[in-house]
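S.K.: First to last, the sequence lines map onto chains A and B.
Counting from 1, one number per residue, gives the positions in the first sequence under the working numbering.
Counting from 1, one number per residue, gives the positions in the second sequence under the working numbering.
No lab work stands behind these hints: they were computed from the structure.
For each residue, glycine too, the CB sits at the ideal point set by N, CA and C.
A hint or two may mislead.
As the list claims (entries may be wrong) - Just the calculated beta-carbon pair ranges, DEER-fashion: (1) B:Glu145 <-> A:Met1: 54 to 64 angstroms; (2) A:Glu257 <-> B:Ser13: 48 to 58 angstroms; (3) A:Asn181 <-> B:Arg252: 10 to 20 angstroms.
Unchecked claim - Here are some chain B residues the structure puts well away from chain A; computed CB gaps all over 10 angstroms: (4) Ser31; (5) Ala61; (6) Ser127; (7) Ser147; (8) Asp177; (9) Leu187; (10) Leu225; (11) Thr228; (12) Met240; (13) Ile245; (14) Asn246.
So you can see what is in the structure, the chains are spelled out below.
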Amino acid sequence: MNAIEVKNLNYSYDRENWAVKDISFVVEEGSYTTIIGHNGSGKSTIAKLLLGLLEKNSGSILVEGLELTTENLHEIRNKIGIVFQNPDNQFIGSTVRDDIAFGLENHCFPQDEMDEIIETYAQKVGMFDYLDNEPTKLSGGQKQRVAIASVLAMKHNILVFDEATSMLDPTGKKEINQLINELHKDKKLTVISITHDIEEVAQSDNVIVVDKGRIALTGTPLEVFKKEEALIKMQLDIPFVYKFRKALSQNGMKIAETLSMERMVEEICQFVSKK
Amino acid sequence: MSIRFEKVDYEYSPNTPFAFQALKEIDLELSLGKITAIIGATGSGKTTMVQHLNALLLPTAGKVTVQDFEIEANKRFTQVKALRQKVGLVFQFAEYQLFEETLIKDVAFGPKNFGVAEHEAEEIAKSCLRTVGIDELDYEKSPLELSGGQKRRVAIAGILAMSPEILVLDEPTAGLDPQGAKQMMDLFKKLNSEKKITILIVTHNMEHVLDYCDEVVVLDHGKVLMQTDINTFFENDEYMEKANINPPSIIRLKNLLKKNGISISKDVVTIDGMVKELTKRLKK
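One chain only, chain A, in its complex shape (with noise of 0.2 angstroms):
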């Protein structure tokens, strides 16, 4: 099954300009899909979109094959949940604990379930000795892994990510990066993830590009990354191992395709002589 279904998706914030124009894509139940665009090219108004927190002008999203309409807002959002880039704008519990009850109290669970549910969660996260602290002493790489653990015990099946690494210092990106990574692994979770981290997007599974509201280019990252130039002209990059083995074949020396940097390096090894 998919996990979601867009056609012809419209959406304009002032009626004159399209954020979102005519956008149609599928994604796989358990995948990793990645969006990329620059500043302002529709991406996190595509978020918003999947989520309901914006109102489609014309189109459709189905969401594990319900469409989502204003009256089912609730059953989909029991599907899908959004960690937001901001760490410092979506805490609301004056604990860790509190903060990851938050949505379960909302759904009336029972208090001794609630415990063993965020005690799961917050353990899976590498969260579960700060359960007492205060959310704001956080670092933002703990913030934003809390943000998901508040997520992910609502037991959501897609999870989007907008931007949720980009305001954190390199080792809060790479623990985030990890932890998705990780979250993704036995294929359950279905995750989409809206970034400008190029090495991200290499370890996702399918690719979205989007450019002034429309779907540019979509395939695995190396098919995307193929179409260079056409990502330079819209102020996209491509990954330093793209790059280095464009210009290693440039030179003569054509080596096999990947985005890891240890293989590119085995591939070397064998066309040039050690010293």
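Dock chain B against the given chain A, drawing on the hints supplied.
M.R.: Then chain B, alone, in the frame of chain A:
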């Protein structure tokens, strides 16, 4: 002439239960005319340190010297205005500090405040907006109509309008898309080479440190862990380990090749340079 920190301490909320010492005995000398990167983990004191440079924060102990200005602990500093004309500080997420109705008014605000006549201030604003690459058609627009990256450029233009000799930028590229970030760094390089502006950049982006900066200062828990030129920093694994950073991709590749028995010359840190060396050693 230089920028000097002598035994500088800074404590937030002293004599309260929330007291926190963010800087501890900072000793540092930065020569003018360079691009210097200030790096270190979140909470290491980078922002606190750079906010001393235009007397936004005053040291709780020690002395900061910026050219002829001396900012000493427990002494009234009276030349704030003159100092702030020399040292321009661009905050993190600078786009939040735009407030005027039009771009041109926003950028002209600084010079006008420093006593420049209205017409002249607008001319300065125009030239600064041009420098940061804002289209002339947008000058009369409201800042609210711009994208995040454009807003940040306007905020930088607002600082440039005061023609600072020293430009301090606190994470100027955070949250920008890759090309936007590159254009921003190119702009700083240009300001440095053409207008001889001394540039200090607080950043987490090691690719930028390698590609654009001359010198690096590493802070750790409020102390200076090391200060060195860029090449020395990226040539020594132990330095990068000590600073706890993710090396730039090209340095990681170099190290990985070395582990596999292929050493690349020390000073080669570009893709073209490395590819050239590798192709020279192709097996026949």
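S.K.: Of all the hints numbered above, which does this structure not satisfy? Sort the numbers upward.
M.R.: As far as the earlier hints go, 1, 7, 8, 13 and 14 are violated by this structure, in ascending order.
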